[in-house]
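> Next come the chains, spelled out residue by residue.
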Amino acid sequence: MTLPLIIYRSLRQHALSTVVTAGSIALACGLLMCVWMVKTQSQTAFTQTTTGFDAVLGARGSKLQLVLNAIFHLEASPGNLAYADYEAIKRHPAVKAAIPIAVGDNLRGYRLVGTVPELFEQVEYSPGRKFVLQAGGKLFRPDAKEAVVGAFAAERLRLKVGSTFRPFHGLAFDPKSEHTDAYVVTGILAQTNTPTDRVIWIPLRGIQTMSGHDARTATDVSAVLVQLRTASAGFMLDLMYNKQGNRLTLAYPVGAIIAELFSKISWFDQVLALVAYLVALVAAGSVLTSIYNSMSARGRDLAILRALGAQRRTIFGAVVAEAACIGLLGAAAGYVIYFALVTGVAGVIRAQTGVVLNVMAQHPVMWLCPLAMIALCALGGIVPAFKAYRTPVAETLAPVS
Amino acid sequence: MLNIFELKKSFVSPDGERVEILHVPAFTLGAGELLALRGESGSGKTTFLNLIAGILAADTGRVTIEGAEMTALSEPGRDRLRAAKLGYIFQAFNLLQGYTVLENVVLGMAFGPRGADRAHARAMLERVGLGHRLDHFPGQLSSGQQQRVAVARALVNRPKLVLADEPTGNLDRKHARESLALIGEVCREHGAALLLVSHNEETLGHFEQRSDFADINRALNETAK
Numbered sequence: 066m067t068l069p070l071i072i073y074r075s076l077r078q079h080a081l082s083t084v085v086t087a088g089s090i091a092l093a094c095g096l097l098m099c100v101w102m103v104k105t106q107s108q109t110a111f112t113q114t115t116t117g118f119d120a121v122l123g124a125r126g127s128k129l130q131l132v133l134n135a136i137f138h139l140e141a142s143p144g145n146l147a148y149a150d151y152e153a154i155k156r157h158p159a160v161k162a163a164i165p166i167a168v169g170d171n172l173r174g175y176r177l178v179g180t181v182p183e184l185f186e187q188v189e190y191s192p193g194r195k196f197v198l199q200a201g202g203k204l205f206r207p208d209a210k211e212a213v214v215g216a217f218a219a220e221r222l223r224l225k226v227g228s229t230f231r232p233f234h235g236l237a238f239d240p241k242s243e244h245t246d247a248y249v250v251t252g253i254l255a256q257t258n259t260p261t262d263r264v265i266w267i268p269l270r271g272i273q274t275m276s277g278h279d280a281r282t283a284t285d286v287s288a289v290l291v292q293l294r295t296a297s298a299g300f301m302l303d304l305m306y307n308k309q310g311n312r313l314t315l316a317y318p319v320g321a322i323i324a325e326l327f328s329k330i331s332w333f334d335q336v337l338a339l340v341a342y343l344v345a346l347v348a349a350g351s352v353l354t355s356i357y358n359s360m361s362a363r364g365r366d367l368a369i370l371r372a373l374g375a376q377r378r379t380i381f382g383a384v385v386a387e388a389a390c391i392g393l394l395g396a397a398a399g400y401v402i403y404f405a406l407v408t409g410v411a412g413v414i415r416a417q418t419g420v421v422l423n424v425m426a427q428h429p430v431m432w433l434c435p436l437a438m439i440a441l442c443a444l445g446g447i448v449p450a451f452k453a454y455r456t457p458v459a460e461t462l463a464p465v466s
Numbered sequence: 034m035l036n037i038f039e040l041k042k043s044f045v046s047p048d049g050e051r052v053e054i055l056h057v058p059a060f061t062l063g064a065g066e067l068l069a070l071r072g073e074s075g076s077g078k079t080t081f082l083n084l085i086a087g088i089l090a091a092d093t094g095r096v097t098i099e100g101a102e103m104t105a106l107s108e109p110g111r112d113r114l115r116a117a118k119l120g121y122i123f124q125a126f127n128l129l130q131g132y133t134v135l136e137n138v139v140l141g142m143a144f145g146p147r148g149a150d151r152a153h154a155r156a157m158l159e160r161v162g163l164g165h166r167l168d169h170f171p172g173q174l175s176s177g178q179q180q181r182v183a184v185a186r187a188l189v190n191r192p193k194l195v196l197a198d199e200p201t202g203n204l205d206r207k208h209a210r211e212s213l214a215l216i217g218e219v220c221r222e223h224g225a226a227l228l229l230v231s232h233n234e235e236t237l238g239h240f241e242q243r244s245d246f247a248d249i250n251r252a253l254n255e256t257a258k
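Which chain is which? The protein sequence lines are A and B, in order.
All residue numbers for the first sequence refer to this note's numbering, where the first residue is 66 and numbers rise by one.
All residue numbers for the second sequence refer to this note's numbering, where the first residue is 34 and numbers rise by one.
One or more of the hints may lead you astray.
Here are the in silico distance ranges between beta carbons for each label pair [as the list claims (entries may be wrong)]:
| # | chain 1 | residue 1 | chain 2 | residue 2 | range |
| --- | --- | --- | --- | --- | --- |
| 1 | A | A440 | B | S46 | 44 to 52 Å |
| 2 | B | H153 | A | P69 | 18 to 26 Å |
| 3 | B | R151 | A | V401 | 58 to 66 Å |
| 4 | A | Q417 | B | R151 | 31 to 39 Å |
| 5 | B | H153 | A | A397 | 33 to 41 Å |
Hints listed in this document are in silico derivations from the structure and should not be mistaken for laboratory results.
Positions of the beta carbon are idealized from the N, C-alpha and C atoms, including for glycine.
Generate the whole structure from the sequences, applying the supplied hints.
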């Protein structure tokens, strides 16, 4: 009871510096956990986001660009491919399903993607899960100016079944480039937590024949999303399109291509982690400084405790434990900062890509980081504890009578 | 109960010279005895009490409390003996300002062999008339009340010896009288011996047994020569 009492009273007496120091530790702890979790979670989420497809076939170019464009609906298309190429891969015996997509228009920044109804009828966007329309909705007809809207895009654009809109040309929103074609929303997709949620889906013909589009490319598609019958089929098609052919590119496997992207930007994670480590070190230093600076004011209290029979090691332990307690308070508050930060970051990632991070995911960093911060703070407490240890009782207590 | 033999303490002066400020050839205090020592400021009274309490280490000599030789112990041993057998009332009260009255008294016994006993600490505070101020902080009390907290803290651990260093130095005459009466009463109730040092004649007058510190501390006489 004695040690907790001494620690509690000391923390109360120096409440302001306790709060400020614990705050800096909370920031360091929250930041460290956030950097780590966003890094691991985004890597996991992005590499697992295939929306149910094994490969993407597109114009000759970067595989990464192809995947970002066709699966994540980011980046520009590397080019078009002829409808015959789509039909060819669709007929290939190794291919289970092939879904063409066409891009090139948007509605206030949200991408319009032309496709065929089979995408929603046949494809499982993740194992055992097919696209579902919210109540009252139905799929677009292939030859009508109708649209099915992803849940996130519908929410942001306030589109409902029956709403009408005019698309804008290009992938970036430009108010001056409105098309004359008017589309009516026939369905809103239930949330899938995939990039699909950010897309406005219209019939393939809609993009191909949109007013103002080049009539010469009216039958082209931007990419073909491919489901394979077996994993080995992917290597066979890879050989066929990428090694033997020189006109088209097959991006396979989708997850590995995204993983490559993460390995390319791993230096950025390292910079972020380094910054977080430095913040942690500064926080531990602030524990040391704040307790050390308060030692002069606390000298009398420590001398009184010594006069009452407290041993030097008790005083030393109390100061180290106090530093550890500041670390503990900071670590606890760090969880609050972590959840605030990671929720914000996850919100931005979701808004930008449609990919949803699991902010509640378990990871060793969630307990290792707070423990390390507490240990670091206790370490920072050793210097002031040594000063406390050496407090001269008789000189500190009273003037000689 | 308290036996002192050839106790010496010196300090190094600012000009580097070693000055002996205390030399007590022999001193004895019996169990339950209440003794007041008269001494001028700067006569080494506080040093004498600090040596008995083991707060300072003697250069040479022996201090024995109930058979335990304080001067032969290591510092942690002296801390343990002090916590177990001594109570100390300081001139400036030396209460912990950030702790409640009850906590101050609890800490008076926390480092001893019995450990912290809040119920006993509460009873002790009721005994000195502060049962209604348990959760107050020292700064919220009058000087007289703070002195009573210091008395309760010194006696809460049922010490065999209570050391009091100018215990009324910060009190007015009325409170000083009350405080001295309380110290005497509580020591008698607990069978504790009391060694009080003061330069104030009125304070000393409260005790039947009195002595001059100059007669005990030979270093003073040697300096005077």
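> None of the hints should be skipped; say for each whether it holds.
Evaluation of the provided hints:
no. : hint                        : verdict
1   : A/A440 - B/S46: 44 to 52 Å  : holds (46 Å)
2   : B/H153 - A/P69: 18 to 26 Å  : holds (19 Å)
3   : B/R151 - A/V401: 58 to 66 Å : violated (34 Å)
4   : A/Q417 - B/R151: 31 to 39 Å : violated (59 Å)
5   : B/H153 - A/A397: 33 to 41 Å : holds (35 Å)
The structure fails hints 3, 4 (numbered hints given earlier, in ascending order).
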